[in-house]
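Student: The chain contents come next:
There are 2 protein chains.
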Amino acid sequence: MPVGPKATHHALRLRRLGIDTHQEAVVYMRADCDVCRAEGLMAQARVGVSLGRQSIIATLHHINGDLLRPDEAGLSEVAWLALRAHDGDVISVQHPPTLDSLSHVRSKVYGNSLDNAAFAAIMGDVAAGRYDDVHLASFVTACAGANLRRDEVIGLTKAMIDVGDRIDWGRSPIADKHCIGGLPGNRTSPIVVAIVAASGVTIPKTSSRAITSPSGTADTMETLAPVDLDEVAMRKVVDREGGCVVWGGAVRLSPADDILIRVERALDLDSEGQLVASVLSKKAAAGATHLVLDVPVGPTAKARTQQAAEGLGERLLDVAQILGIAAKILVTDGAQPVGRGIGPALEARDVLAVLRNDLAAPADLRARALRIAGALLELTASAKPGTGEAAATAILECGGAWRKFQAICEAQGGMRVPGRARHTHGITAASAGWIKSIDNRLLSRAAKVAGAPDDKTAGLELHVRLGEPVQRGQPLFTLHSETRGELAYALDYVIPRPGIIQIEPLDIVRGNARP
Amino acid sequence: MPVGPKATHHALRLRRLGIDTHQEAVVYMRADCDVCRAEGLMAQARVGVSLGRQSIIATLHHINGDLLRPDEAGLSEVAWLALRAHDGDVISVQHPPTLDSLSHVRSKVYGNSLDNAAFAAIMGDVAAGRYDDVHLASFVTACAGANLRRDEVIGLTKAMIDVGDRIDWGRSPIADKHCIGGLPGNRTSPIVVAIVAASGVTIPKTSSRAITSPSGTADTMETLAPVDLDEVAMRKVVDREGGCVVWGGAVRLSPADDILIRVERALDLDSEGQLVASVLSKKAAAGATHLVLDVPVGPTAKARTQQAAEGLGERLLDVAQILGIAAKILVTDGAQPVGRGIGPALEARDVLAVLRNDLAAPADLRARALRIAGALLELTASAKPGTGEAAATAILECGGAWRKFQAICEAQGGMRVPGRARHTHGITAASAGWIKSIDNRLLSRAAKVAGAPDDKTAGLELHVRLGEPVQRGQPLFTLHSETRGELAYALDYVIPRPGIIQIEPLDIVRGNARP
Numbered sequence: 019m020p021v022g023p024k025a026t027h028h029a030l031r032l033r034r035l036g037i038d039t040h041q042e043a044v045v046y047m048r049a050d051c052d053v054c055r056a057e058g059l060m061a062q063a064r065v066g067v068s069l070g071r072q073s074i075i076a077t078l079h080h081i082n083g084d085l086l087r088p089d090e091a092g093l094s095e096v097a098w099l100a101l102r103a104h105d106g107d108v109i110s111v112q113h114p115p116t117l118d119s120l121s122h123v124r125s126k127v128y129g130n131s132l133d134n135a136a137f138a139a140i141m142g143d144v145a146a147g148r149y150d151d152v153h154l155a156s157f158v159t160a161c162a163g164a165n166l167r168r169d170e171v172i173g174l175t176k177a178m179i180d181v182g183d184r185i186d187w188g189r190s191p192i193a194d195k196h197c198i199g200g201l202p203g204n205r206t207s208p209i210v211v212a213i214v215a216a217s218g219v220t221i222p223k224t225s226s227r228a229i230t231s232p233s234g235t236a237d238t239m240e241t242l243a244p245v246d247l248d249e250v251a252m253r254k255v256v257d258r259e260g261g262c263v264v265w266g267g268a269v270r271l272s273p274a275d276d277i278l279i280r281v282e283r284a285l286d287l288d289s290e291g292q293l294v295a296s297v298l299s300k301k302a303a304a305g306a307t308h309l310v311l312d313v314p315v316g317p318t319a320k321a322r323t324q325q326a327a328e329g330l331g332e333r334l335l336d337v338a339q340i341l342g343i344a345a346k347i348l349v350t351d352g353a354q355p356v357g358r359g360i361g362p363a364l365e366a367r368d369v370l371a372v373l374r375n376d377l378a379a380p381a382d383l384r385a386r387a388l389r390i391a392g393a394l395l396e397l398t399a400s401a402k403p404g405t406g407e408a409a410a411t412a413i414l415e416c417g418g419a420w421r422k423f424q425a426i427c428e429a430q431g432g433m434r435v436p437g438r439a440r441h442t443h444g445i446t447a448a449s450a451g452w453i454k455s456i457d458n459r460l461l462s463r464a465a466k467v468a469g470a471p472d473d474k475t476a477g478l479e480l481h482v483r484l485g486e487p488v489q490r491g492q493p494l495f496t497l498h499s500e501t502r503g504e505l506a507y508a509l510d511y512v513i514p515r516p517g518i519i520q521i522e523p524l525d526i527v528r529g530n531a532r533p
Numbered sequence: 019m020p021v022g023p024k025a026t027h028h029a030l031r032l033r034r035l036g037i038d039t040h041q042e043a044v045v046y047m048r049a050d051c052d053v054c055r056a057e058g059l060m061a062q063a064r065v066g067v068s069l070g071r072q073s074i075i076a077t078l079h080h081i082n083g084d085l086l087r088p089d090e091a092g093l094s095e096v097a098w099l100a101l102r103a104h105d106g107d108v109i110s111v112q113h114p115p116t117l118d119s120l121s122h123v124r125s126k127v128y129g130n131s132l133d134n135a136a137f138a139a140i141m142g143d144v145a146a147g148r149y150d151d152v153h154l155a156s157f158v159t160a161c162a163g164a165n166l167r168r169d170e171v172i173g174l175t176k177a178m179i180d181v182g183d184r185i186d187w188g189r190s191p192i193a194d195k196h197c198i199g200g201l202p203g204n205r206t207s208p209i210v211v212a213i214v215a216a217s218g219v220t221i222p223k224t225s226s227r228a229i230t231s232p233s234g235t236a237d238t239m240e241t242l243a244p245v246d247l248d249e250v251a252m253r254k255v256v257d258r259e260g261g262c263v264v265w266g267g268a269v270r271l272s273p274a275d276d277i278l279i280r281v282e283r284a285l286d287l288d289s290e291g292q293l294v295a296s297v298l299s300k301k302a303a304a305g306a307t308h309l310v311l312d313v314p315v316g317p318t319a320k321a322r323t324q325q326a327a328e329g330l331g332e333r334l335l336d337v338a339q340i341l342g343i344a345a346k347i348l349v350t351d352g353a354q355p356v357g358r359g360i361g362p363a364l365e366a367r368d369v370l371a372v373l374r375n376d377l378a379a380p381a382d383l384r385a386r387a388l389r390i391a392g393a394l395l396e397l398t399a400s401a402k403p404g405t406g407e408a409a410a411t412a413i414l415e416c417g418g419a420w421r422k423f424q425a426i427c428e429a430q431g432g433m434r435v436p437g438r439a440r441h442t443h444g445i446t447a448a449s450a451g452w453i454k455s456i457d458n459r460l461l462s463r464a465a466k467v468a469g470a471p472d473d474k475t476a477g478l479e480l481h482v483r484l485g486e487p488v489q490r491g492q493p494l495f496t497l498h499s500e501t502r503g504e505l506a507y508a509l510d511y512v513i514p515r516p517g518i519i520q521i522e523p524l525d526i527v528r529g530n531a532r533p
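Chains as they are written, first to last, in this note's numbering: chain X, 19 to 533; chain A, 19 to 533.
Hints in this document: simulated from the structure, not taken from any laboratory.
Where hints are given, some of them may not hold.
[To be verified] Straight-line distance between alpha carbons at most 20 Å, and here's what the computed SDA-like set of lysine to any residue pairs gives: (1) X:Lys-320 to A:Tyr-128; (2) X:Lys-254 to X:Gly-431; (3) A:Lys-320 to X:Tyr-128; (4) A:Lys-346 to A:Asp-248; (5) X:Lys-320 to X:Leu-341; (6) X:Lys-320 to A:Ser-125; (7) X:Lys-454 to X:Arg-490; (8) X:Lys-402 to X:Ser-121; (9) A:Lys-320 to X:Ser-121; (10) A:Lys-454 to A:Ile-513; (11) A:Lys-402 to A:Ser-125; (12) A:Lys-320 to X:Pro-191.
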């Protein structure tokens with residue numbers, strides 16, 4: 019065949035439009051620009067975008083008006099950051115490489131099992147941002163429910179670890195903890211880290227910010243100390259103090275997990291295999307050798323029954339062992355929030371109260387932290403079997419944990435005092451009775467509507483516990499907001515939802531009590 | 019609980035940004051606007067957007083810069099059209115209603131079967147644009163492969179019909195035809211419609227524009243007559259001439275199908291159940307009572323083997339019968355393109371040559387059209403069994419089909435002469451031999467790169483057929499483009515891909531011929 023003239027090089031000059039699409043990489047180009055015409059690029063096409071040595075895959079949105087000139091292109095903010103772009107930089111745009119790993123996804127959809135190489139190929143493309151939402155959702159759906167066999171869960175977990183960084187601490191044991199599924203206010207990590215580090219065991223805790231909850235451990239910790247530490251800064255803290263509580267996002271641990279989690283949450287699919295891979299890939303990448311997993315059980319928790327929690331626990335233990343991690347499962351009560359505060363600063367106040375041995379500290383948060391810390395001390399053999407919780411209690415009560423926590427905060431960049439919201443409003447019991455149920459999900463949502471986690475001081479304070487008697491007009495919880503508008507909005511959310519905290523009338527309780 | 023102040027009404031003034039996101043509804047709002055702050059709306063959130071009596075669900079993209087003022091909002095073009103918006107209109111934005119039908123999708127993911135009510139709920143939300151790509155991909159994945167039982171395929175088909183409009187022609191038979199999966203150049207519809215309508219049988223053909231192919235029937239027909247007719251205009255044509263070939267997009271037939279098809283193509287998943295529902299929902303909604311389905315078999319066709327085509331045919335016949343449609347399956351040769359032209363105007367020229375009984379008309383296109391028309395004449399009892407093809411041939415050869423076609427074009431708004439591309443370039447055989455294979459997919463892609471279907475005259479003309487001998491330097495196909503740039507780009511695509519048309523050397527052919 020004859021050789022024709024070469025197609026021109028497709029270069030466009032960048033202009034920052036300031037459009038934030040969250041995690042979605044978007045490139046904006048004029049529909050009538052040379053690139054779109056020559057390459058036949060339609061709106062919503064996936065394209066490769068390169069700038070210097072960086073390159074990404076982005077979704078194309080066409081501009082018809084005069085937001086851009088034909089020789090200009092824009093990027094969504096996440097794409098702008100990924101390409102380290104500056105105004106006026108010249109990008110090149112081309113058709114993206116074909117996604118060969120999609121054939122494995124299709125194979126899984128048709129009911130076949132995938133081997134390690136297939137998971138490695140898929141996770142490589144996922145971590146590189148080559149899958150769009152449609153591809154991600156198809157993979158997540160195909161692996162949901164009980165659709166992953168044991169060897170597939172192991173293959174997926176290993177692939178997720180391998181496509182990211184892995185921290186080697188050069189020593190053992192490295193202790194870690196994780197709570198499955200989350201429970202409002204269950205902010206044990208800062209307390210556990212302080213106790214375990216004070217006992218001499220290394221515990222470099224990386225934690226997440228809230229995705230759908232009113233606060234992540236990183237959000238709460240940030241009201242007490244800086245958490246945006248990179249790996250070098252994190253190592254310095256851990257070398258000096260034996261522990262840290264930092265945001266994991268600055269370190270690239272199991273990056274595919276962050277991408278998959280967003281889609282899993284949007285679909286709200288239950289997927290034990292993906293949960294196991296998600297939790298253990300993060301922990302293995304963080305260099306953990308000894309791991310305690312807190313599995314709360316409750317009507318609105320990830321595990322709804324004791325049996326479900328134990329089944330999940332067995333799967334976690336099994337895969338952890340294959341990864342060389344010594345793990346222990348603690349099945350805990352997940353029927354109601356832990357502590358009093360829900361929201362970054364309000365939870366931090368609970369944490370401080372426990373660490374400082376305040377008499378008014380929430381007993382449930384303290385007990386949970388001690389149980390986890392004790393299990394970690396036993397697991398790492400720094401306490402004899404059966405003595406871990408007592409050892410943890412001693413470290414807390416003698417003030418060792420509080421001193422260690424302050425030292426860690428100083429090492430992370432300086433301790434802070436959590437703020438207080440400017441506006442509060444108490445919600446009171448409409449009738450007398452017993453606290454019959456607390457809806458964790460609705461309560462979390464109320465805290466978010468009040469402004470958490472973006473407003474650090476926003477959220478709510480819970481004044482009652484399950485089974486407690488209340489009088490009519492007695493405070494159930496107090497909303498905290500930074501602005502009057504947000505407080506009003508939170509009230510609008512709370513008032514038509516009495517099911518957030520259900521009160522059983524006294525006479526019914528008496529009636530039930532009689533056989 | 020006490021009643022708090024009411025949250026403010028969330029109103030924003032529209033500014034047209036001219037951003038084309040294809041089918042994705044996007045609303046652009048300042049991250050620091052009152053609505054986003056009060057509602058806690060993050061980028062990529064799904065929100066409800068209302069203007070007057072119209073409302074849609076859209077994806078939120080935040081604007082950080084000065085593209086919009088805090089009291090302004092923008093919309094992607096598809097959202098702008100859906101809301102019938104004008105600059106300065108005031109929209110209100112709120113959290114979208116919860117998507118209860120997602121629980122059915124989850125149930126399907128977990129391996130349960132869905133009943134008619136579940137499919138109705140899902141299709142209702144899909145047709146209303148309430149599902150985003152993640153939801154759509156999950157549904158499509160859960161129903162892929164052989165995951166839909168017979169009663170589920172029926173339930174899905176009925177649900178897809180019910181969420182759209184349905185045309186009642188008030189008479190019977192109403193003939194229709196459809197080709198499964200497409201084959202480049204297989205533009206039988208205009209010929210079949212002309213023959214069947216000329217015989218006195220009503221055949222109101224709605225057709226699609228190209229989605230991923232170089233031309234859809236509507237694109238080809240548009241080079242011969244206007245096709246953008248609404249239902250009223252279409253009825254007028256059919257009442258006068260007994261047939262039409264119009265674009266189905268102006269009529270709202272099985273609108274969920276258009277939404278699902280985009281995602282199915284992105285995933286390239288094989289799903290017999292969804293294919294059956296897609297084809298038959300469109301035909302039932304269009305009012306068809308008698309339907310001939312052309313199922314091409316070939317290495318790059320939807321059906322790869324005779325067996326696969328027959329299996330698919332049985333499923334189609336079964337569901338068609340339940341819908342009250344008399345259907346017939348024609349399994350045809352799909353090994354190579356049909357006719358000579360690939361691209362709107364080039365295919366239209368083939369159609370005209372057949373209708374005008376030109377001696378040089380492509381024999382394969384003519385034979386296929388006569389077979390389908392004959393089958394329709396027999397199915398509608400306007401020809402006796404075994405005589406349909408002869409009757410169709412007679413109508414074609416006497417000029418009746420050509421006169422009917424011209425009359426239909428006039429009724430649709432006036433007949434046109436398809437144009438010719440300004441630039442062409444012949445691709446010749448690099449060696450002598452026999453034509454061993456023609457890759458339909460690569461050939462289609464080459465036609466698209468040359469500019470089809472947006473440039474009506476662009477595409478390619480194929481000069482050889484499978485099994486034909488060729489000399490070195492003999493033309494294989496000719497590229498057609500509107501601009502030199504597109505022609506150069508098409509050559510850049512074609513030249514490194516000799517596999518588009520494979521030539522088997524003569525000596526190997528001779529060697530194989532010897533036992």
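Student: Has the given pair, Lys-320 (chain X) with Tyr-128 (chain A), been kept, meaning a C-alpha gap of at most 20 Å?
Tutor: holds, 17 Å
Student: Check whether the Cα positions of Lys-320 (chain X) and Leu-341 (chain X) lie no farther apart than 20 Å.
Tutor: Not satisfied, since the Cα-Cα distance of roughly 24 Å exceeds 20 Å.
Student: Run the distance test for Lys-402 (chain A) versus Ser-125 (chain A): straight-line Cα separation, threshold 20 Å.
Tutor: Violated: Lys-402 (chain A) and Ser-125 (chain A) sit about 49 Å apart, past 20 Å.
Student: Is it true that the CA of Lys-320 (chain X) sits at most 20 Å from the CA of Ser-125 (chain A)?
Tutor: Holds. Lys-320 (chain X) to Ser-125 (chain A) sits at ~17 Å (cutoff 20 Å).
Student: Tell me if the straight-line CA distance from Lys-402 (chain X) to Ser-121 (chain X) falls inside 20 Å.
Tutor: At roughly 51 Å apart (the allowed maximum being 20 Å), Ser-121 (chain X) and Lys-402 (chain X) break the hint.
Student: With a cut-off of 20 Å on the C-alpha distance, tell me whether Lys-454 (chain A) and Ile-513 (chain A) pass.
Tutor: Status holds; Cα separation ~18 Å.
Student: Given the hinted pair Lys-320 (chain A) and Tyr-128 (chain X), is their Cα-Cα distance within 20 Å?
Tutor: holds, 17 Å
Student: Given the hinted pair Lys-454 (chain X) and Arg-490 (chain X), is their alpha-carbon gap at most 20 Å?
Tutor: holds, 15 Å
Student: Sort out whether Pro-191 (chain X) lies within 20 Å of Lys-320 (chain A), counting only the CA atoms.
Tutor: violated, 57 Å
Student: Verify the proposed pairing of Lys-254 (chain X) with Gly-431 (chain X), using a straight-line Cα cut of 20 Å.
Tutor: holds, 11 Å
Student: When you check the alpha-carbon spacing of Lys-346 (chain A) and Asp-248 (chain A), does it fall within 20 Å?
Tutor: It is violated: about 29 Å lies between the C-alpha atoms, which goes past 20 Å.
Student: Lys-320 (chain A) and Ser-121 (chain X) were given as a pair; does the straight-line alpha-carbon distance stay at or below 20 Å?
Tutor: Given pair Lys-320 (chain A), Ser-121 (chain X) holds - Cα atoms ~17 Å apart, limit 20 Å.
Figure legend: structure checked against the earlier numbered hints; hints not met, in rising order: 4, 5, 8, 11, 12.
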